[in-house]
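Novice: Put chain D on the given structure of chain H with help from the hints.
So the sequences go chain by chain: H and D. In case it helps, the working numbering puts the first sequence at residues -2 to 456. In case it helps, the working numbering puts the second sequence at residues 745 to 1134.
Among the hints, a few may not be true.
Which residues of chain H face chain D? A few of them, derived with a C-beta cut under 7 Å, are [unchecked claim]:
#1 Tyr21
#2 Gly36
#3 Phe52
#4 Ala112
#5 Pro163
#6 Asn282
#7 Thr288
What the hints contain is simulated information worked out from the structure, not anything from laboratory work. Every residue gets a Cβ at the ideal spot worked out from N, C-alpha and C, and that includes glycine.
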Amino acid sequence: MRKSEERAVVERFARHLNSGQVAYLKAGHLDVLETERRGIGFVDGFSGRPMIDAFSSAGCFNVGRGNPRVRAALREALVTWDTGTPGLDSAPRRELRKRLAEIAPGDLEKVLLCAGGGDAVDAAIKLARGATGRIEILSTIKAYHGHTGFALSVNGKPHYRDYCEPLMPGVRFVPFGDLDAARGQVSENTAAILIEPVQGEAGIFVGDDSYLRGLRELCDETGALLILDEIQTGFGRTGKLFASEHSGVVPDLMTLAKSLGGGVYPNAALLWRDVEPLASWVRANPDFHRTTGGSELACVTSLAVIDEIVERGLSENAAVRGAELRSALDEIRLKNPRIVKEVRGLGLMLGIEYIHEFLGPLMSDALAQRGVFAAYSGNAPQVMRFMIPLTATAEEVAGLADAIRGAVEDMGRILPLALPAARIPVLLRLLNNERVQTRLFGGLRRLEDAFSRIIRSRP
Amino acid sequence: MSGLGFEPGFAAAGGLGAWIQAEDGRKILDGLCGDGVCNLGRRPEAVVAALAKALDETDQGNFPMISREKGDLAAALAAWAPGDLDAAVFSVMRGEAMDAALKVARGRTGRTTLVSPDGAWYGETGFALSLSERTDRASGPLIPQTRIVPFGDLAAARKELGKGAAAFVLEPIQAEYHGREAEPRYLQGLRDACDASGALLVLDETWTGLGRTGKRLACERAGVIPDILVLGEALGAGVFPIAATLLRRDVNKFLEAHPLIHLSTFGGSDLGCRVATAALQAYERERPWARAARTGARLREGLEMIRSRRPGALRSVAGRGLLLSLELDDEARAVAFCRAAADAGLLVRPERVMKRAVLLAPSLLLTDDEADGILAAVDAALGALAGEPT
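Excised from the complex, chain H in its bound form:
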């Protein structure tokens, strides 16, 4: 891409969307332009470098980027279908509802198609509070469920909520993974416990089997409903079709989005069990959440996505490839204890936690140099997520592991410079502050760009 054209793209985005976002992405070395989106990656239009997509739009590209089968299904559907009419049924809507009920855990059989993840979470909260006649929702610290009004209210990071308060009352936050803490906060006023089976934005924390089973029992004892948000974890990401299958826990409600759309067409769903008190309340309030979601084009796309995941065994592939990547990451951690604190995850939803938050943006850059696009977690910048498409081969995973190994070794060379500063508590606090990071790394980035221009301009 010509430099002038590149500048025009960035300037247009900065002017008409968000200049702050451009500065933030540049500071974090996340300013790529995705072109030639295929398989497990894309080509960065700015640098011309092929990149492995280790972000996958937070878990949207499970079937791979530009999946041929999914694109073909959508293209064919354009001859007949469109976004439809909210509330008017059709064959694609019936088929998708039926298919979702078939593949969902246990007796989750009622389906409301929604427009997006936040929409589905908002619908879930309304349904849970309506059906139980109770007000409180138990969420977890650093939880992430979306940005619409109710989903935002249960977001576990105050940063997202603070400027928009006051939000929906009756939300309690407890530490993720702490069953006793949940027990201490659940009462006869609790409508639902809402969690991600594996926390994504929080920095990849796996809810273990005993935790999930404990929450299920707690709900059964108290009459609260269990809502599992499988928006990131669903459709094979963790090595099972749904993450709850690892523990065998069947939630009362489940939200789905992201990969349901196959990376091409938005779709989302709320599923629930057809048991009391849900069944009666929905009968009395059949239109409790009327949305433009779940259009025919979306349903045709999603049906192809599910076929692709099931028939190609992508959940199973995620388990095998995930284990390979996991063992490579564990090895990297053992060799680099001053950089990598912990490796966590399930299937191809993996994360590494660095010793310091400020390593997040630096690692993004080191990885980008080696052809890996990876984002640090929104709710935890010290954690880098690796969520590649589930279509990855053993060779592709080995290539990714090599790139991560190389990037961590690069970090090892920078660290002697950064660590003395990080030992001074005030400076460490500053370095780990998001706004300071944007400024500081943005400044460094401008310097780098200036130097590279000088170097490039030499004959």
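Specialist: Frame of chain H, contents of chain D only:
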């Protein structure tokens, strides 16, 4: 479960232009346009072609990234919208776009109170629902710090705004309340009151925008430019779900100071942006607002004739352009009318706030013959309600 508010007695098998194909083989006149989405009729050729082409070349993209498609659409919208509404936040649907608007209103002003007139309906998500007039609030407490004032009552609005509200929010015409219209003087008064109090004026043009009321935007009639403008799914012309929250440059400073504080995975999909950019071009080419004004007047006149020919059958007819509404005696009659209309080959539905009223919002590219078809179906449905043989 039917979100239509009545049982239509048929399922969809596709659609084209002003028509929905029913599974039973019938062709049904589309009086809803997917809730004001298919303003250019169903499957407008140029917009469908844009999606087919984009599918060969790209996908939705990683949502937080810089993208050519997002920038192109946002720039096109900035050029299209009035005043300095030149920054965009994209969403997948109306409710999300409204929630974004109201979050920004609180964030930008540092104030909390959100004021809306009664009779409004903005969507189902947290903020949108909390300002909507709903009789079915069975699902627990909503977003606090909202105030509802009587529609059209400028003094009441001024009083609330004077207490330091963050925003005044309204639809220029309330589609779910029998086409109740904000008069230009009311909108202008609200604009002044917002300026005086430092509150933001938020207009939801989901139903009224992109030509339906005979103008590009309904706010043009009053010459009022809001601080935040919501464009609904009509932006994707029924081919892709996409909505936009347009912000004045000064208002966007909040989001620029706090980047990535509001995110949407599906909002601003690169495919959706390509579709919306093509749709915006199609809107400018077809200029459906001119046709909406003309066909709307013709339909309205025809509906008034039916009303005078059938005393007592219709209480009133309201609306502007092709955002029309028929008032019946009560909710049960509205439901029966919609069912009878579906049998007569016209899809309409009861309104969500004034439930005795029926919403009629056909394609803006409706032909005169198709408009006559709608009138015939309305007449036949009223006849069926009166017990006339079909």
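Novice: Broken hints, numbered, in rising order?
Specialist: 2
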